[in-house]
Amino acid sequence: MPLLELRNVVKKYRVGREVITALNGVDLAVEAGEFIAILGTSGSGKTTLLNVAAGLEKPTRGEVIFRGVVLNKLKEWQKVAFRRKQMGFIFQSYNLIPALTAQENVAMPLLFDNVPPRERNRRAAKALKHMGLQDRSKHKPTEMSGGQQQRVAIARALVHQPRIIFADELTGNLDSQTTYEIMCSLQATVREQGQTLLLVTHDRDVARFADRIIFMVDGKIVSEERGGFNHV
Amino acid sequence: MKSYDLLSLAYRNLWRRKGRTILTVLGVVIGTTAIVVMLSLGIGLVDSQKKQMEQWGSLNMIRVHQSYSFPGEPGEEQQRLLTDEAIEEIKAIEGVVAVSPAYEVSGEAKLGKKVGYIQLVGIDPAMMEMLEFKAAHGRLLTAGDKFNVVAGSWVINNLWDPNDTLDRWEEPPQGDPLELLNKRLSLTLMNARQQKRIYSLNVVGILSDDSMENANTVFGPLAEIKKMRAFVEQGGQSSPDIPVFPGVDVEVKEPPRSRQRQQQVDQYSFALVRTADVALTRSISQELRDRGFNAYSMADSLEGIEDVARQMQAVLGGIGAITLLVAAIGITNTMVMSIYERTREIAIMKVVGASFADIRTMFLAESSLIGIIGGIIGIGLSYLISYLLNTYIGAAIGAGMGGEGTVLQVSLIPPWLVFFAVAFSMAIGLISGLYPANRAIRLDPITAMRHG
Ligand SMILES: Nc1ncnc2c1ncn2[C@@H]1O[C@H](COP(=O)(O)OP(=O)(O)O)[C@@H](O)[C@H]1O
Ligand SMILES: [Mg+2]
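If you read the sequences in order, they're chains A and B.
The working numbering puts the first sequence at residues 1 to 232.
The working numbering puts the second sequence at residues 1001 to 1452.
Hints were generated in silico from the structure; no laboratory data involved.
Don't be surprised by glycine CBs; every beta carbon is placed ideally from N, CA and C.
Any given hint might turn out to be false.
[Said to hold, decoys possible] Quick look at which bits of chain B chain A covers, simulated, 3 or more residues with Cβ under 8 Å: (1) 1002 to 1008; (2) 1344 to 1352; (3) 1427 to 1440.
Full structure from sequences and hints, please.
Structural data, given as structure tokens:
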């Protein structure tokens, strides 16, 4: 059984009188431990796919099945519990909380999971160290570079050891050197910990780090390629 | 989320927008101060009246007299006499902790060269302490006492040396009550047949001067005073246990003032009743009147003052409440603005696992914190204002009423008001946060993913 499965997922948006079809019958199976990249141009429906797959948006038709549970039929609080325990998120714009330090940002999923402060700090420090940011733990997001902020965000996505990580254009705001470095460490980490990563991007150079590369055009999956670029 | 985390997060979120938070808190400070100071004025009024009254007599004492009506008059059937049964009936009223019947006699007293009229009241010696008598010097009466008496603090000033040139009406007497202590006071009683009897009384204690009601009275054991009364009323036969000094002749200046000559000896002159607490005094006093007695208590006159204070508090408290309402709107406004600014942040928290309850408590913690901080500072400010009111306005009024140096407490902040004000301001904060918090939980988490 795949960890996550999308079955004939359709997502339509109504904008005024017009109806926009963002996802037009997507079938996708993500096996545990896989690193999948979804590659497509802007507006092809990548973000929508990720949101629907993570249960943040309801599909208009079709099913999203996570570990055998139909995600789109769950109540909001049940989906929250899934996200809190088993899912990690990385965004293009980092999405760190400006008032909190790097370590507190990383610890946030644990905070909502009622992990006591000592344990929380220990695990957050460890995740930061893993991303090479041990000396930035007391810094606020505004005191760090874009690359450093995205590393903090990755540490936050990994700190609670989720089964699956969703990443949306995570290198969209970074230069190519930083992109390369970050992709290398992300790939190494998920491989090392056997985690599943579903990444969407319009950047071919990013997509080639994945085990599988899935091409998306106008809300449809059109083809698939093997990736598995190895930097070592 | 744990409450420590909540508080620390709420605190830091508020501190991010220092200026706005300070202004919002200021609104609560003004609201709380307005309510507390306004209420403290009413409380201060009642309290200073109470204190003034307590100087005249304890607020949980009731004095009960019998009610007379003359035969044939309407209401004759309602006449209540203070017999032993009546005393038992009063004792049985709920809230009454002690009752002593009292006999009253008066006569000419002599202490060395000094003479004067004194009023002697017989009460149950065992009840003295319960009835809130306090000895400033010496002791109170005990069960074995017969011709031992306790004198009020002012009694000494009713006795003077006839040969003294001092004009007693112009120069207020300043006798030392200790002059009486452990001295023999001789008392001359005269009955209707102009027969005299002289009693030698030993003063074993002086009452403390905090009750002016008893200041001019000498208290003796009930049983002995009853016999004295019997002599005065009936011209009585001498009983062997009363020391009589027939040979001593004292000039009597006026006939003894036995006001209620017609009164039977088996009826008491009055009764002293002590209630469990001040709050009960008024209702018990009313109860006694309903049963046909004449009852009077200091607490009765407190009622009118409390009515005035209540009306005053309603008006002033209303003004304070409006101020706090404005502050509450301020909190809501600040929280809505803050949620608007933090839309993205809230969405991120939801994506990484914050539940509805987490988001709601987070915002309610912020708004309550504004309320609590405002409330606490407001209490501090209220104390300052209360102090200033008492030192300047209170002193001015006090000086006008009771002479230089008298300070009238116009404002009083009791501990319950402090507790109430902080709890109230916190509740205001909490309630003001409800609408913004509900807006926050309805925010869609995908805002975090889009527009990025
Ligand atoms: N909330 C929305 N309302 C209306 N249209 C939307 C909404 N979200 C996405 N779309 C539309 O759906 C299509 C796919 O968008 P998106 O999934 O964001 O693409 P990508 O991430 O590949 O750029 C686009 O045409 C976009 O305008
Ligand atoms: Mg997108």
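*asked:* Of all the hints numbered above, which does this structure not satisfy? Sort the numbers upward.
replied: 3
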